Each structure stands twice: as structure tokens, then as C-alpha cells.
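Peer 1: Spelled out from the first residue to the last, the chains are:
2 protein chains.
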Amino acid sequence: MQFHHYGYISGDPRIRLADEKCADRDPNLPQVMDVLIVGAGPAGMIAAAQLSAFPEIEARIIESRPGRLPLGHADGIQPRSVETFQAFGFAQEVIEEGYHINETAFWKPDPSNPDHIKRVAWTEDDPAGISEFPHLIFNQARVLDYFRRFMERSRSRMPVNFGWQFESLEIEDGEEYPVVCHLTSTREETFGEKKTVRAKYVLGADGATSRVRSAIGAKNSKVISNHAGGVADVLVDTDFPDAMTKSIIHSTHGSILHIPREGGYLFRTYVDLGDLDENDAHQIRNTPLDEIIAKGNEILSPYHMDVKEVAWWSVYEVGHRVTERFDDVLPEERGSKDPRVFIAGDACHTHSAKAGQGMNVSMQDGWNLAWKLAQVLRGYSSPSLLATYNTERQPVAQDLIDFDLEWSGRMAASDEGDESIEDFYVRTWEFPSGFRTEYKPGLLVAHDAKQELATGYTLGKRFKSYRVARRSDGNDLHLGHLHEADGRWRIYVFADSAPASAPESKLRTFAKWLAQDEASPVVRHTKPGDDVNSVFDVKVIYQQGHHEFELLDAPEIFRPRVGPLQLEDKNQIFGIIDIEGVAEKRDSLYPLTRNMFAKEDIFEARGISRDGAVIVVRPDMYVAHICGLEDTESLSAFFEPIFDLSK
Amino acid sequence: MQFHHYGYISGDPRIRLADEKCADRDPNLPQVMDVLIVGAGPAGMIAAAQLSAFPEIEARIIESRPGRLPLGHADGIQPRSVETFQAFGFAQEVIEEGYHINETAFWKPDPSNPDHIKRVAWTEDDPAGISEFPHLIFNQARVLDYFRRFMERSRSRMPVNFGWQFESLEIEDGEEYPVVCHLTSTREETFGEKKTVRAKYVLGADGATSRVRSAIGAKNSKVISNHAGGVADVLVDTDFPDAMTKSIIHSTHGSILHIPREGGYLFRTYVDLGDLDENDAHQIRNTPLDEIIAKGNEILSPYHMDVKEVAWWSVYEVGHRVTERFDDVLPEERGSKDPRVFIAGDACHTHSAKAGQGMNVSMQDGWNLAWKLAQVLRGYSSPSLLATYNTERQPVAQDLIDFDLEWSGRMAASDEGDESIEDFYVRTWEFPSGFRTEYKPGLLVAHDAKQELATGYTLGKRFKSYRVARRSDGNDLHLGHLHEADGRWRIYVFADSAPASAPESKLRTFAKWLAQDEASPVVRHTKPGDDVNSVFDVKVIYQQGHHEFELLDAPEIFRPRVGPLQLEDKNQIFGIIDIEGVAEKRDSLYPLTRNMFAKEDIFEARGISRDGAVIVVRPDMYVAHICGLEDTESLSAFFEPIFDLSK
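Protein chains in written order, with the working numbering: chain A, 1 to 647; chain B, 648 to 1294.
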């Protein structure tokens, strides 16, 4: 956490200095704005939070509810989402508050007494160590709270405008604010009052029945729907041995997905209600709670759940839907027209709740779009950049539906086939954990990347963090966790094997080019008068331990001067972790702060070339380019079209 | 974090349900109260925070300042203090926000050019692994903020009453609220207005010039004072290579203690101004800032600090003072009279700032007293318990002064003698880290403890945490970090080597006694109608891994029923960490949540007998008793006098 460089901060440094023109902003919805976000669910709120970081952008989010969501239904939080929360500064709080899924128990009919269930397996979550972040159960309502707090503490002090229902929109081409939106008040005191606002861009994050989606005429294909279930959040008295463990239960009477929730006493239970008759016509939705509980207890036999209190319950039919396009550009217009209206989250993809995907994929939708909108609205990129949102996210939605169809099918099936459900769960873990996304080469992922220079960082996938030693203060920390949701690109410069103090090295040559050459992205794309690190966050990682070189060995580009006093930022220079005599200090809780391991070499762990490498990471954490220290032309060429305002 | 068991919580679970009678409490100072705390510094605020946990106690804290402290001067946070913050629920935030002292650099005159300084050593902080918590630099003002937030979120919604100056007090023996305190308003609108309030107990945490101390006539001995220094918090441009590392600098021109602060840009520098002439008469305090900066730069040669902004500066004379007693009971009255008025923190001990001790020791004073006040005021103990505050804390103050005299003397000395300053620093680390305190056997530390049953837990010292696997959900976590500042005693029951499922074992016999025997402290001292874990938080730790036994193997006393629905708390049962195949998952950030190690056996690590052991830990985390599973008489006998209301 960096502060004091824009003036002494006496209070909570997480509360940013308000931008001058935002400090006393009118909380009411203005007539005209850069971005209007419709729907304050996870997809909309992450987009709003990202945009709130830039006070020069006038962005607003409306929500038809009159206020805060009191009871969220989504509750599965993937490691990738926790990683994302880290960038927004609230991962630790969520980790503290959430239930940690550390393992899953599998129960099946006891062969010696098939009427009874028996535990057959435990699988560890994330068996391959894909992420250092945990898999959590955490209430959607609290996720929204944290994003809202981020907005309130941001430089723009962005509010949520509750009580507005989106009705329709039309686009008036050629206008500066071409999207005209018609809204209706849902607040008691002004109910039904109409308001028309104009925006440059609109994001519809308004759920499965999205009106924004209808407005842009995007087709929402129904893939399949033939299954129903009951779901309830309950406080119970139970002798089920794995009550506090996520359990997948198949009995001869049906199946249950049992999920312990935050706080230690509440449980989410999904009770399968079987395949639907084609002519059911939603009759299943009338299933009473008692019947669901009775069915659950039948499945659970010989164990029992005595329900003491029900916080929420529902009957659902599994529907899988995916939207053909994520913006208002028709297939025949692609390449010739820039999008103005976007949709995200449930508006684009709906599916079963069983794999805990909905909220997570939706947030990645919102983040993907928001940093690009910021890049355009802040004058760094032309609007054509925004076409990449549909290109990148629509295939993810399709993959999601495909995965969930398979997963929910297996959950419901009584016959396992060739692969047990627990083996399937372990084998496919990368997908539900949120790390399967791999963007293809295009405008935002380099075509000429040299994957062989950093085999541990797959091009197009998220940058997988690793521990390094900060030269300035000897702290070891996770390099990737320094990535904040601030819209900046990361350029990680991995040094060649020459000592840091060597007067000449490939690293020095590269650093000089990056600092001074007119083809350097830092020189070319940073606005005059702005801090040198305002667009590109450049860090260097040496192959030496932090006691083996001096801070001032690092070229000046790695010690950027910032703020009104142009103070030197001394914290962007790293070495590998290589400290003697600390291997025995193993019972640390907070390795962020402690030297737990004698040697942890990021070069070795992530397969980085000993000749050095440059890794470019996008504002949403995806690896965009990998090149050598000598590949300066490739680096220039990669950024040139992204920052080309003439396109 | 446990919640939902007293009703569904939709918002932040850190905000406790307000007690009925406190929800709309009058924030103004009442006429009569149980406890009046004078002074909202670290000692007073921790005491207030602890008392705020109990809505049945009417406690208030007054402060002569009109509002929040904008600029705190103390900034060193020991690992023991971070451990304490963990119990109050805000350690992670402080860790995130503070500067982490991971190592200290030592600079001395360069032998080849004595006018220049040269780095001669780096010492790692906490080289012996005394604590899993880090050593931080963190602003006192923020510490106070966090305690205040704890109070505001507590069941009692306790406010801080700013704007009241304590003037004097008298005691009217025999009255229910015998301490009569005279206050004066310092608020602008009511300046000088007088108010008299009555309290059962008063804590003077009103600093070095404590009026409460004067009121009880406690002598404050001056030990020595012959040294002066300049101190400043500065934003600088510097080429000093260790600017971001805590550095102890001795040059031929004098010495500097250089401390990087939170945020990455601010530095605290202590510039030695040498020994004082006996006749100086505080003339040194007129030293101008420029002179201090010039002196600093002379010491730093060949490096330079260009001061860009000064957040705060001062000239100080080192004074060492310690108070003879911490309460209003005269030596000749000890044993025959119970104390009514106490003092804590700077009111009891003042010394140099160099070892970063002040705020830390003060907080332990406040906590030591506050849980005892709660024990008495909640009707669990007789007022005679309060005599242990003076008995336990006064010797700590004396040790502190002795340590600081030696440390500040060495910091100022140009001649090192037989031991280098860096060797001294490493050798004595336990003291400044806050873990040297060892309370002697007495009312609150057992006389007949069997230290040999748990060699890793020194009787009278703080319970040193270790990692265990929770049976309920397979999470591995730090046992000690589950200890909240809730006034409860911890009884850690370490099982004998019999399998958990064995129908008979020493553990089962003990558990039965603890649950049912009329001599059991749980049976005897828990109030009728209260939850079984309301006074004693009982946990069991088995010698098996968590997959090797079932939750229901554990006797019922380890699955207490709580709250209005009397739901079973399934989270008090633990095993050792023993998971195969996870040793390679080494790059975790959050081991709280992840199985980092294949095997971590608390029995082995803390020298716990394989025949089992019972470890009693006080509400302030100190080990109070160690006995065997068969030593039930000893356990009864230990608690009996503490909970004896007739004394």
C-alpha cells in the first residue's frame, strides 16, 4: 500500500483523496454521462468499481431495487475471483469472512446397505496448486458491499443510484452521447416517474431477463432445460458427519449438493428433484418446502437434518442459455462499426448453480469491459478497442455453458460411466476455479510472443503470481498481488544473469531504451506532465537475492518519481528469495511478511529464461506479451495499435 | 468468524448485534458508571475496547482532546501487539497497512575512510522465530482508530467521550460508586464547564503527566536523563541505500536511528544530539529543525537527505521514569484493601523511543486490567482479583526501564565494548518483540503446573500459537488465533494417544468430568441458563490427522450448543495437520486456508505429552495452568479462588 506521496494521510489510507470536482458530487443521476451501467449485481458492480478509479470518467450505475441487496443467492467464490478482489483491495477481508472449501466429500450408496449413504472419497480442492488463493463460499450481497465500499472510497466517490428501472434505449449516431436511455423510478416517493438520460456507452448487467439485451436484439439461445431442484439456506441440527464439508451425495433416493456457509452454522442444500416431464409447465415450482426437506432427509439416510430455521429457499428449473453476442454490433457490421452498448453476466449466460460459476464469470465479464472503457474514455485508445470485449468474452460464455452442462449432468446422473464423479471433479478443476480462460492472440494478446522465455506464464492466461524479495526492505511478497485494479499495464522486466551492478548488461540496454527511446511505449504513450508510471507499472526482477545487490544498481526507470514532490518510488525492484538460515521458521501465518523459505527462485518456478524476459500483463491481469530484452521492436509494435487513437 | 447462530446476518458480521439497551444509548457522559477510563491513548483504548465487549458493563472513556488524534508519534508495533490486534479482529488490516520491519541494517564508520559510513551488518528481525506475527511500523493514531471501531461495532456500541479533562478525584468508601471524579469540559462550546461523575473503578491512562497518578499519590521515580535528540517524520529525496530499511547508524559525527514508515515514502529519523550538560535546563529543546537536518546529513555522509516536507518534528530529552505502584492501595494496605483506581501506560513508565516499546507495553497494561475488571463487574470474581494488576504489571514496567536504559545507552555509545550492537540486538530480541513477560505463580498462574507436559508452552508466558487441522472442514489454521478478546478462558484439551473413536480413553474420562462433575470449572462457574461455552472456551486437539477420525467421535463438551436455537458448534475439534501429497504446494499466500505442509504436529512442535495435557489460557492469552488429563483436582483448585465471590 503506497501513500503519503500526495500529502500526509492521517486517516485510513484505503480512502483515496477525493478528486477536486468529485468531493462534493451530486449523488443524483445526471442527465448525461460517459457510461451508464444497468444493474448493480456482480457484473455491473465490478465494472462500476473499476471505472470509479478514474475521476475524469463520469460513470453511473443504476439498480431497480430500492437499496442494498439484503440476501444474495449466489455464494461460490472461485480462487480467480479472490485474486480479483485482491486487486480491488478486499481479498483479505473476504478470506476472513468466507467459508473455505478445502476439500469435498463424496457420498454414495453403501454397497452393504444401499439404502444408506457412505463416504467414498475426499478430494482436495485445487489439487494441482493452480492458485495461492482459496475457494470460498461467500454471500453475493457482501461481494456487492465490498465493491460499493471501493467506489465510495475511490477518487471519484461514485455512488450507486438505487431505484431506477431501465426501460429501453435508442442510439442516435453522430451524437457525442449517442445512447438515449429511458428509465422509470421505482422509489416509493417518485414511483413511475420517467427520466431520459444520455450516455456514450451503456452496459446492461441486468440479469437473465435483461432489457438491455432485448434492446440490442441479441439472441439468447436456450440449450437445454429438463431438470429441477430445491434449494434452501438452513440452520439445522444434524448428525450428518460432513455437515461442515462441501459434500456431493448420491443415494438411491436422489442427490444432494451440500454446502456449508459462512459463520459456521448455516448450510446451503441443493436437493435434486429429478428430470422434468416435458409437459410439466413449471408445476414443479409449486413443490412445498416440507417436501424438499423430506426428500433431503430420505437421501441423507441414515443421517438426519432437523431444520430449525430457513433463511431462504426456492425451487428452480435448470436452464442453460447463452447469448450470441455481447454488444450491439451485428455480425455483418463487425470491423466497420464500434460498439456502444454491451451486456454482461446473467444477461449473457445462465446455467445451473451447481458449479458455483455464475457470479464469478460475470465479474470477469465486467472487469474485461471496464478497463477497456477506461482506456478509451481516458484518451489512450480509440473506440475500436471495445470490439475485443465481445471477441474475448463470448467464447468464455460458450465454454461455461458446455462445462456446466457436463457438470450438472454428472451431478444428476445415477450412473457414473467410465469416470467417477470425484475423478471428474479433480480433472476439470482448472475450469471452475476460474483459470481456464485463455485469450487468443489479437489486438490485446501478442501474435509474436516467445512463450519459451517464460514457460510458466501461458500467453493469454492470467499472470500466476510468485514470491519475490523486495530489494528496498527485504520483505518477501507475491509479485502478482501488487497488481491493483488501477487500469495500468504491467511490464515485468526479468533481468539477464549479469550482476545488477554490472555497468553493461542486456537489462541496462533494455532499461535505457524503455526510459528514453521514442519507440518505447513508456515514452510514447505516457501523457506529458503525468508521472512516468501512470500508464505502465514497470518492475524489475533480478536473478540475485536481495542482499546481493544495491537499490541504486537498478536503472532509473525502475525508480520512478511520483506525486507533486516527485519522490522516488523505491519499491519496484526485486530479487529472488534467497536468505540463509530461515528454513526452520515454518509456522508463520503471514508469509507476505516473513522469509519462510530459504530459497524461492521465480525464474526457476516460472520457467523464465536466464537471458531475461519481458512480460506484459494487461490491466485485468492477463499475460499479453512475452519477449526478450532485445525484442524492443516487438514491444513497440504490440502497443502501437492499442494506443493508436486514429483507428 | 462465527455468525448466523443468533439470527441471520445480512451485513458485515464484524458488526455485532447491538445489545437491546445499548442500541440507542445516549452518547453523552452519564453521571454514574462502572468504569471511567481517563485518556484515549493506547492503554486506555485497549481497556475501553475490551470492556465494550460486555454490554452489561457501563464503561466510558474520556479524552481531553476535542476529537480524533490526527498525528500519532508512537509508531513501533511489536509482534505481541499484532498478536493482540488479532484477538481484537484487526491484525490483518494493520499488517496490510503497516511497514514491515524484516531486517535491520547497521552502519558504522568505514575503516578506510572514517568520515564515511559503511554498512557492516544486516540482522533479521525475530531470528529465532518467536512469533508468527510481523514487527511493524504503524501510526499510533491508526491503532486508536481500530480500537475505536471495535468499540463502535461491539454489542455495547461504546463511544469515546472527547473534550473532557480529568481534574481530580476522591474516594468515598462504602458507596456503590465510590470514586468521585471532577472533570472540566475542553470543548469550545462548553469550555471550562465542570462535571462530577461517579464510578466503581477509574483507570488513569492519562500519560506521563498523569493527574490520576497524582491523585493516588503514586511516586514516579526518575531514573536518569542526560541525553537529547531530534526526531522528524520527513518526505525526502535521498541516495542513502537503506532508506527503506530500518537502519542503526553510528558515524564519527554521531548516530541516527532511521525508520521507514508506512506508505513507502515517509521516514522517521532520530538524530542524536549527544549528552546533556547538567546545567542545560532544557535549552536543548530550542534546537532548530535546520540544525537537526544538518547534523543528520553530517552523520549520513557520503549520503545525503534532501528534506522535501516535514510532517512532524520535535526535540526530546530522554527521561526514564517508573511508578512505584499501579493502583491506589498503599504498600501497608495490600491484602486488606481492594484497589479502586488504577494507572496504566505512560502514567506508569516513560523512557526513550528508541526500542519502540511505549505503545506496546501500555496496551498490555490496559488489557491486563480490563479483562479482570470485566471478570469482577460481570459477577464472576470478587474485587480482590484486581490486586493482581499491580502485582503483574509493575515488575514489567521496571524490566522495561532496565532494558531501555541499556538499549538507549548502547545506541548512544560510540564505544561498543565486548558485544557489537547488532549482536546485542539479536540476543535480546525477545524483550522488544513483547514476549519476555512471564507472570509468576499466584492467583492467576498455577503453583502446581506440570511444565513437563507441554515444554513449548512456558507457564506464565503467552500461549504461542501453532497450526492444527480443524476436523469439521479440513482447514488448517492457527489454534491461538481463534482466541478472541471476549473475556473467556481457554481450556485446550490435548488428547492422549488413544484413537478418537476408542470407547474408553483418558480423554473421554476427562471430558465426562469436565461436562458433568460438580467440581468441574465449566459446571461450577458457568451461570445457569448461559451457553455452556460462555465462560470457558473448550477445544480438543487429537494426535491424529483430521481424516483419521469423525466429528462425532469427540465427546459432547467439545460440541457445545449455542444461541437461541442451541445449534451445535462443530468447530472446536482439531487434529494435527497430516495430509499427503501437498508438500509441493509451497507458493501459497494464505496458509490459514491451505494445506501447505504434509505434516505439522502440534504435539511434537510444542512438546506436548503423548499422554495428553490440559492447558489453561487466560483471557489475555497467558498460560495459566498446565496439567494432565487426570489432574482434575488441580484444575478445580486452580479456578476455585479466582471465581470465589466471597473473598
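The set of hints was computed from the structure by calculation and includes no laboratory data. Keep in mind it's a predicted model, so treat the numbers as computed, not measured. C-beta: ideal position from N, C-alpha, C; glycine also. One thing to keep in mind: the hints can contain errors.
[Unchecked claim] Once the Cα atoms are required to be at most 20 Å apart in a straight line, the calculated EDC-like pairs of lysine to aspartate or glutamate come out as:
no., chain 1, residue 1, chain 2, residue 2
1, A, K118, B, D1200
2, A, K308, B, D1216
3, A, K118, B, E1195
4, A, K194, A, E167
5, A, K512, A, E568
6, A, K118, B, E1197
7, B, K765, A, E550
8, B, K955, A, E550
9, B, K955, B, E971
10, A, K647, A, E175
11, B, K765, A, E548
12, B, K765, A, D553
13, A, K308, B, E1215
14, B, K955, A, E568
15, A, K308, B, D1178
16, A, K118, A, E550
[To be verified] A short, non-exhaustive set of chain B residues, derived as facing chain A with CB atoms under 8 Å:
no., residue
17, Q787
18, A788
19, G910
20, K1217
Peer 1: With reference to the structure, classify each hint as holding or not holding.
Peer 2: Do the hints match the structure? See the list:
1. The hinted pair formed by K118/A and D1200/B meets the criterion: a straight-line CA distance of about 17 Å does not exceed 20 Å.
2. The straight-line distance between the Cα atoms of K308/A and D1216/B is roughly 14 Å, inside the 20 Å bound, and the hint therefore holds.
3. With a CA separation close to 16 Å, the supplied pair K118/A and E1195/B stays within the 20 Å bound.
4. For the hint pairing K194/A with E167/A, the CA-to-CA distance comes to about 10 Å; that is within 20 Å, so the pair holds.
5. Our distance criterion of 20 Å between C-alpha atoms is met by K512/A and E568/A, whose separation comes to about 18 Å.
6. Our distance criterion of 20 Å between C-alpha atoms is met by K118/A and E1197/B, whose separation comes to about 13 Å.
7. Note on K765/B and E550/A: the hinted pairing holds, with a Cα-Cα distance of about 13 Å set against a maximum of 20 Å.
8. At most 20 Å may separate the alpha-carbon atoms for a hinted pair to count; K955/B and E550/A exceed this at roughly 24 Å.
9. About 45 Å separates the Cα atoms of K955/B and E971/B, which puts this hinted pair outside 20 Å; it is violated.
10. At most 20 Å may separate the alpha-carbon atoms for a hinted pair to count; K647/A and E175/A meet this at roughly 19 Å.
11. About 16 Å separates the Cα atoms of K765/B and E548/A, which keeps this hinted pair within 20 Å; it holds.
12. With a C-alpha separation of about 17 Å, the suggested pairing of K765/B with D553/A holds against the 20 Å cut-off.
13. The hinted pair formed by K308/A and E1215/B meets the criterion: a straight-line CA distance of about 12 Å does not exceed 20 Å.
14. Proximity of K955/B to E568/A is assessed by CA-CA distance (about 12 Å); at most 20 Å being required, the pair is judged to hold.
15. With a CA separation close to 18 Å, the supplied pair K308/A and D1178/B stays within the 20 Å bound.
16. A distance of roughly 61 Å separates the Cα atoms of K118/A and E550/A; the hinted pair therefore is violated under the 20 Å criterion.
17. Taking 8 Å as the C-beta cut-off, the interface hint given for Q787/B is violated, the closest approach to chain A being about 11 Å.
18. The beta carbon of A788/B comes within 6 Å of a beta carbon in chain A, closer than 8 Å, and the hint placing it at the interface holds.
19. Residue-level restraint check for G910/B holds (minimum Cβ-Cβ distance to chain A is 4 Å; threshold 8 Å).
20. Taking 8 Å as the C-beta cut-off, the interface hint given for K1217/B holds, the closest approach to chain A being about 5 Å.
Against the hints set out earlier in the document, violations occur for numbers 8, 9, 16, 17.
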